[in-house]
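Participant: What follows is the residue order along each chain.
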Amino acid sequence: MQVTRRQFCKICAAGLGGSSLGVMGYSPDEVLAQAHAFKLSRATETRSNCPYCSVSCGVLIYSLGDNAKNAKSEIIHLEGDPDNPVNRGTLCPKGAGLLDMIQSPNRLNYPEVREPGSNEWKRISWDQAFTRIAAHMKADRDTNFVTENSTGLKVNRWPTVGFLASSSAFNEVGYISHKILRGLGVVTIDTQARI
Amino acid sequence: MTTIMKPGEIEPPVPKAPWLRLPERETLFARRGERCKTLAKGHVLEEYLLFMAKVAEAQQEALNSYGQTALPDAALLHLCRQHGMPPLARQNWQRDASWHGALREIIGMVRDAAKPATKSSLDRLLAEGGPAFEAMADRLLAGDYAGIDLAAAPLVGAALQVYWMHLVTTLGRDAFERSAAPNLCPVCASPPLTSIVHHDGIEKGQRYLHCSLCASEWHMVRIKCTTCQSTKDIAYHGIAGDAGAIKAETCDECQSYLKIMSMEHDPNLEPTVDDLASLPLDILMDKAGFMRSSASFFLIPAEEVVA
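Chains as they are written, first to last, in my numbering: chain A, 2 to 196; chain B, 89 to 395.
Isolated chain A (complex conformation):
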C-alpha cells in the first residue's frame, strides 16, 4: 500500500488551459485575470500560554507580517487553543482580554529603578539591572548565610531570600531554577502553578 507516498499537484496559471477545467470547455481567462489583481497576505498562528494564573491555559496568538527584516509583525488576535487539554479552547474573561495587555501603552518595556529615598523612576540598562540585583543578592547572602545549625550540623542555608517561579515555566526551566537556587542555599522556593 502506498500510504507514505507524497503527492503534489501543480495548479498554475500557465497550466490551467490544459487542466480538466480547460479541457471540459471552460475558459480560465477570467479567473487568471482575477488572480492577477489579488495580493497575498501572510499571517502566523503561534501557541503560547496565558501568563496570568496557575491554570496556564493554552492560547493561539495570530500575527500579521511576512517575517521580513524591515517589516514589523503585529499581533492581531488571540484566542484559547482548542488543542490544549487544559482549557480546550476556552479562556476566562481576564485571559480573553490578553490582547489589550500585550498592546497596552502602559507596559514596561525596559528596566527602571527607584533609588531609596527618591520618588522618581529612572531608566537603566539591562546590564545595570542585572548587576544591581546580583550585588544586592550577594550582599544579603554574605550577611545572612547560615553554615551550621545550633547543633553544629552543616546546613548552608540562605534563609532571607525566597523565590516564586512562574506558572508558565516548563519542566526544563523548573529544573534549572531549582539547580541554581538550591546551589545558592535558597530554602524558600515556590511556584505560582501550585497556588
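Do not rely on the hints blindly, as some may be mistaken.
With a straight-line cut-off of 30 Å between C-alpha atoms, the simulated DSS-like cross-links for lysine-lysine are [claimed, not checked]: (1) LYS11(A) <-> LYS375(B); (2) LYS11(A) <-> LYS203(B); (3) LYS11(A) <-> LYS40(A).
Treat the hints as calculated values from the structure; they're not laboratory data.
Model the placement of chain B on the given structure of chain A, informed by the hints.
Facilitator: Chain B only, in chain A's frame:
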C-alpha cells in the same frame, strides 16, 4: 483520611471531540449542489460552478438509489483496526461493478448541461463501457493523470465518490480506527482535500482534514503541516482584504500548502465547492513557490509532480 485522586479520575467537563466524522449521506451532495449555486452568482467560474451543481445533484440521486454492493468482511475490518490501516484503501479495495451504474446515472443527468467538448468525451466513455471505467478509475485513484481524458475524468471521480460514500456510511463509524499515517484518510487512505475548522458544539475550533474521496473528516491538531507533520514555520496565506475564511496553510520544511477553511468565518463553507471557488488563491500560491498537497477530482492539473 485524605483521598488522593489518580490521573483520569476527574471527569472532563465536556466530552472530547470525535476523532472521525463520517459524511452525512442524506444531505452532503445536495448541500454541495446548493453551495455551488450560491457561489456561482457573479463568480469568475460561474458556468463551471453551475455545471458542478448539476453534478452534485446527480451524485445525491445516484447515492439515494444505490443498490447492493460487497462490503469488507469482519476479518479484514478486524485486521485493519489492529494495524491502523484504512480498510477501504483507494488503491487496494477490490471494487465491484456496482459503481458503473452510478456513473451511467450521473452522466445521464448532466450530459445536457455539459459543454460540447465534455459531451463528446462522455459519449466516448459510455460507448467504451465497463473496462474503460475501471481503467480510468485505476488511474484517477493512483493519482496518475498523464494521458487520461481530462474532460471525462471528473465524472468518473464523481461516481467513485458516490461509491465510496455508500461504503463508508453503510459500514458506520465503529468500523474504522485511527490510521498509522495521520496525513491520510483512515477510511480510504486518500490525501485530504482541505482542512476545515469547525465552529459549533464540542468541535468548535477543532481542525479536521476533509477526505477528497469519501468526504470523511479526521482530526488533526492545528498549526501543523498536514503533509510532513512539521510544526516549524507554519504560516497562513490569504487573499489580502477578503473575509479570511479560506487560507493556505504553508510549511517551509516541505514547501507545500493545504487550504484551511474556517467555518467560524463562514458557516456555509463546503470543502469541495469552496476549494474550486478559491482557485485564484492556488494560482497565487503557485507563484509564491508552494506546491499544492491536495488533489481534487474536479480540478485535475495537466501535469502532476511526485516528490
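Participant: If a hint holds in the structure, say so; if it doesn't, say that too.
Facilitator: Each hint, compared with the structure:
1. LYS11(A) <-> LYS375(B): Roughly 11 Å separates the two Cα atoms, so the pair holds.
2. LYS11(A) <-> LYS203(B): Judged against 30 Å, a Cα distance of about 25 Å means the pair holds.
3. LYS11(A) <-> LYS40(A): 20 Å, holds
The structure shown violates none of the earlier numbered hints.
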